[in-house]
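Q: Take the given structure of chain A and dock chains B, C and D to it, following the hints.
There are 4 protein chains.
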Amino acid sequence: MADMKTGVTHLFVPGPTNVPEPVRCAMNVPMQDHRAPDFPELTRPLFTGLKAIFGNESGRVFIYPSSGSGAWEAAISNTLNRGDRVLMSRFGQFSQLWADMAQRLGLDVICVDREWGEGVPLQDYEHHLRNDPTIRAVFATHNETATGVTSDVAGVRQVMDAAGSDALLFVDGVSSIASIDFQQEAWGVDLAVTGSQKGLMLPPGLSMLGVSAKALEAHMSSTMQRCYFSFEDMIKANDAGSFPYTPPVQLLHGLRASLELLFTEGLPQVFARHHRLAEGVRRGVDGLGLSLCAVSPEWYSDTVSAIRVPEGIDGAEVCRIGYHRYRTSFGGGLTKVAGKVFRIGHLGDLNEVMCLAALSAAEMALADAGAKVELGAGVSAAQTYYREATSALEAQNR
Amino acid sequence: MADMKTGVTHLFVPGPTNVPEPVRCAMNVPMQDHRAPDFPELTRPLFTGLKAIFGNESGRVFIYPSSGSGAWEAAISNTLNRGDRVLMSRFGQFSQLWADMAQRLGLDVICVDREWGEGVPLQDYEHHLRNDPTIRAVFATHNETATGVTSDVAGVRQVMDAAGSDALLFVDGVSSIASIDFQQEAWGVDLAVTGSQKGLMLPPGLSMLGVSAKALEAHMSSTMQRCYFSFEDMIKANDAGSFPYTPPVQLLHGLRASLELLFTEGLPQVFARHHRLAEGVRRGVDGLGLSLCAVSPEWYSDTVSAIRVPEGIDGAEVCRIGYHRYRTSFGGGLTKVAGKVFRIGHLGDLNEVMCLAALSAAEMALADAGAKVELGAGVSAAQTYYREATSALEAQNR
Amino acid sequence: MADMKTGVTHLFVPGPTNVPEPVRCAMNVPMQDHRAPDFPELTRPLFTGLKAIFGNESGRVFIYPSSGSGAWEAAISNTLNRGDRVLMSRFGQFSQLWADMAQRLGLDVICVDREWGEGVPLQDYEHHLRNDPTIRAVFATHNETATGVTSDVAGVRQVMDAAGSDALLFVDGVSSIASIDFQQEAWGVDLAVTGSQKGLMLPPGLSMLGVSAKALEAHMSSTMQRCYFSFEDMIKANDAGSFPYTPPVQLLHGLRASLELLFTEGLPQVFARHHRLAEGVRRGVDGLGLSLCAVSPEWYSDTVSAIRVPEGIDGAEVCRIGYHRYRTSFGGGLTKVAGKVFRIGHLGDLNEVMCLAALSAAEMALADAGAKVELGAGVSAAQTYYREATSALEAQNR
Amino acid sequence: MADMKTGVTHLFVPGPTNVPEPVRCAMNVPMQDHRAPDFPELTRPLFTGLKAIFGNESGRVFIYPSSGSGAWEAAISNTLNRGDRVLMSRFGQFSQLWADMAQRLGLDVICVDREWGEGVPLQDYEHHLRNDPTIRAVFATHNETATGVTSDVAGVRQVMDAAGSDALLFVDGVSSIASIDFQQEAWGVDLAVTGSQKGLMLPPGLSMLGVSAKALEAHMSSTMQRCYFSFEDMIKANDAGSFPYTPPVQLLHGLRASLELLFTEGLPQVFARHHRLAEGVRRGVDGLGLSLCAVSPEWYSDTVSAIRVPEGIDGAEVCRIGYHRYRTSFGGGLTKVAGKVFRIGHLGDLNEVMCLAALSAAEMALADAGAKVELGAGVSAAQTYYREATSALEAQNR
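Protein chains in written order, with the working numbering: chain A, 1 to 398; chain B, 1 to 398; chain C, 1 to 398; chain D, 1 to 398.
One chain only, chain A, in its complex shape:
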């Protein structure tokens, strides 16, 4: 295949996402001493800002130099104990990996399997919780990146309450937080995990963990092995505006810039924008006569759409063609849906015309891979929606 090397590479994977220019600039600074007396002037507002991002008022937020899976491990190893019974569900690659980790870390995992394309099964959860009062923790993947499915986190806490459970609620918000509405405290979430390279629009390298007051309490009786990820070292250092080890200074500068962008736009506006851009992409998918992996609208994700390829077409080939022929990176299908879907990530620093570019590339890649799609049909459906939505937005802002 010809590899055109000119122009930008169009990045539409569901993370890492496009880094906005002000964030790139903010990170391109000379190295500095992280033990300098004025270093806390950089760090303290980051913790405050992240608490607003998580909707966490009475707890804490930790920042780890790690990928999001590091924060998964931090959450478990600081608040639970080996052998603890926990309730999880599995309906995509990332919910599955989390369940694997829980088992490897010695938890006693009750795992509810659902079709890939559905989300957290509230009724099943309620059933298990009513039947088993020993469940110490409930896990929910807010947004399953592999299938483009968003689950009802507030609903999880509601069924827990209904079942009389006061278990800890763990949420993977890696591909939702800062893009889709998330309210840690209001929803009763105890451990909320996210990473730098999604809605926060930073390069990978940081994970963030929102911890409720209740989880901090639970930490006192947790005796699992931990050191790098231990809360106690973090708390002590963070209270002084520092870290127990050298933090990724450049990413902290980037985080400051990213938070400023998000707060300047306003979180509700950020969520509305993600919805708007996502809806356009979905209209485009529909316009092409294709369907989503998410089995019904209640599960549709505003950060990523996993699109089923027509029978006989290889989704991996669509991605390869997109990348090599049209300089466009789509997400591939993972494990169970490998070859069956390709994914368009639509989170972070994007706009309408960028999404139209993604659709136009997808149409060509699908056609080249043998799919019977009408070129332009997806784009025009999305355009129609974007025109309306933009007008409505203008009217509203006037």
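Simulated from the structure, these hints should not be mistaken for laboratory data.
Stretch-level coverage of chain B by chain A, calculated; a stretch enters the list once three of its residues show a Cβ under 8 Å from a Cβ in chain A:
no., region
1, 325-333
2, 368-378
In silico BS3-like pairs for lysine-lysine, Cα to Cα no more than 30 Å straight-line:
no., chain 1, residue 1, chain 2, residue 2
3, B, 336, C, 236
4, A, 51, A, 214
5, B, 214, B, 236
6, A, 5, B, 51
7, A, 236, D, 336
8, C, 372, C, 5
9, C, 340, B, 236
The following residues of chain A were derived to be distant from chain C, with all beta-carbon distances above 12 Å:
no., residue
10, 38
11, 111
12, 114
13, 308
All C-beta atoms, glycine included, are put in the ideal place defined by N, C-alpha and C.
A: Frame of chain A, contents of chains B, C and D only:
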């Protein structure tokens, strides 16, 4: 209007063009001493490289810290004399400005006016040259940026030869050189002007002037007022690898990177790519039922398309909507065609999907401005062409 | 010689100067459309800011894409006429080049020569002005970069007044403005020239010309050849927040950042800092038993020190050793003082320890070149001064 | 205190170190898909390059998104088991933290305490190893960053051999690897830890772990809790050129640039340069009449010098003054030597004149803090050495 501040601004003006990442990086360097002993290691290859870009073997290329109009002035004031009779033609904003300058600098200008949408009138030129042997110089705008018209420069020299004229040939190649085939020496061009911010993909700030051996000879008998732009100072300094004044060092680093990109791709490949991307845009324009300002295919420009808006629609409004509502910068219509056209620049660091993005934004802006266009019709026509062209290219590269 | 490639190159030429990080960042932006509707939001405050830098309230400031010599030419060609009698003085490479330009542009130059190491000769000026009422313009080099000499610009206007001359006053402030006190309006300066790469801490590529109301008036009767540099085109475009040709957009972003830095620090503080850093360097020179090219303290420049090398030592060799062996760029001696001096530029984005680094490199380079200097003697004299000055400053700021 | 905001901040902490311009540039790239087909073209050479850095031919190197302490944990939790007896020594803040971690992770630690200023006690080690054949692992801090002490790692393996121990040898090379000679395989090191922000001249955010074939074997029988840091996941992903989670892509680009710089200079040359720069600083310390924390030359570190402040002087005050008054970051004394020393880091991207700048700032800060030091005495001693060393180097390179 709502101004979406997220994602990239899509830049489709016919210059300044998108700066490729390697060029941006190359310019982001600490300041250095332009009189350091190793500074010529940076500058010498730039002159060599630019000679290859101009197709100028036996002459010289000068680099001025100025916009392209500075090089226009440098060309005239170093090789002609006040009162010299020159032949020019005017068929767009930039050819008109050059004619104005010639008059202001005291030349005796014979100016042939053509419809905006046509280019250099070879027959008229031949007629004038045959009738007036005192014509000292002939001027041609290779690519008229205001109307998207490319003229036949080789043809100009041919009619000069046919008319027995050995006048100097001045060419404005600002929006053609490094994007459209240009052969200074083979075509008998004596003074060729370009700027940094078009096909060379740099920020504005440098102009380049290719000078033939014959023009260097003519310089000896030119006595026009000049100082900043004088060849004599430049030649003396350039021969030592330096400049008569402090040069824009960062832009020189960018130029090195830009030349490397162009030569790595190969100039014939660069020209072919510009043609391919342009052709897709033209198919898109046709698919929308619109027509170009360029009155016939012989004039079509591979670097910019000026698109006539339907009767009753304001081209300026299309640009305003594109910019504010869809974060896309189009070129507006200038003076005589103000409001009647909008322009898509398709030169420099672009690829197919970026051009589709431009078309999709143009469609929405046109529709919002009241034009009856079928959304997606331009995109799909371009997609069809790009799929074919990409396949053909792959087959050829295999 | 061994060329150590690690660490920073220490830049101590009197321009181009070190670019501060915020300015570098500000320039590292994607390309944008200079005809976009919001472009004037960038440009208008630049003109306002520059007027404050020049101390010019009732006139205008022009920004040219050119080196400083372009603004020299702009000043002359827009306000004078060929054959005009002008009074100049020559006491260094740059005052000499300006006089050359004036002659080449057809002025009738009365040129007073002074020893290199002295500055503008007020008495001679007064004498000439009294004797010759036809003098249309008086030229003064505020800071002669080649010799490190600052002249009394206010004094020039005073002797003009005393002599009853209402000639235009032209000042070259390239290496003084934004570093040394400059008050265009209060001092009666009509044309004040500067460049981007000195006190404004930008890369080279822009020149700025402060023009008094009186000079704008004089412009009306000036008929010299001009086009690229013509005021009329600039005024028309600038009034709309734009330029008559594509401006160096990235440098304009840098200028915005640079102005913000200067105004945040405060111009009086900027001047005081330059004096403090310069005085430390001078103490260091004295501590080494060396003397300045400037013949007496009244001429000492706060932006550059030209240091006489001991008899028998080659100043060029000091520079070569500094550059190759110690990665430090000093300014060399030019033409008449070639080999006799080397120069330490101490303007722009510097601090005390950077100046000590320069002195420590100079000491080693001098010693390596054969000079009998006591290593550390210059550094310690400067340290003593910097400690005192820093304490005094702290006391004052407390 | 007055905080001068102009010029660079002079960074002389022993990490994070100055990031070279080419590395900064390399990291300032748009985000990309870490699952793209050509991503392994970036990653594979990094593993190869790091093996050369570690001197590890038959084992592997892992790259973790974490600080160096993450790699400490990775080393232990992947190759040992809870209750394993290990031999460690403690003579500074970082050797102490590692011993703490070993205890927290459940190892049975025999810890030899030495005066802060000495290093790994070979005789004590041999004694313990002869007496206790159950010791499963021996730990050595190659360079104790808190005291500026380098230990004899080859010697550790020699005493292990002499004592008949085939225990695993763990080495903390965070502040030595890529700056001081290190030969993992030749010296029999099984687990070698380093971080990105020291000799590799990158921002913090990556740790690297060199693992011997023997340690990979030991891994098979290790059952400690691990997930984020587990070798098994890493091996599987790395074999495909990828990572088990999203890696910090920008840092990988920086690592590529950093490795290229190191290999271009040549590792022996890098080590020699570190020695040369360090020796100059030590001469300077001696010239000031001060002494190092390292108690004798055998322990002197070529990457950091911990300098004892005179009796009655507060080392922390020296740092504060250096930072606020002279924009220079020194390392402070930690825990046991808090207030008693300040540290000059001299590793990474530095040169002679930068080290002289550090000494000149240190002299002023010491004097301001009340120390009786002769200003310039340290600088001149270092200058004398640097002149000789530079001449010798030139002679050698000729």
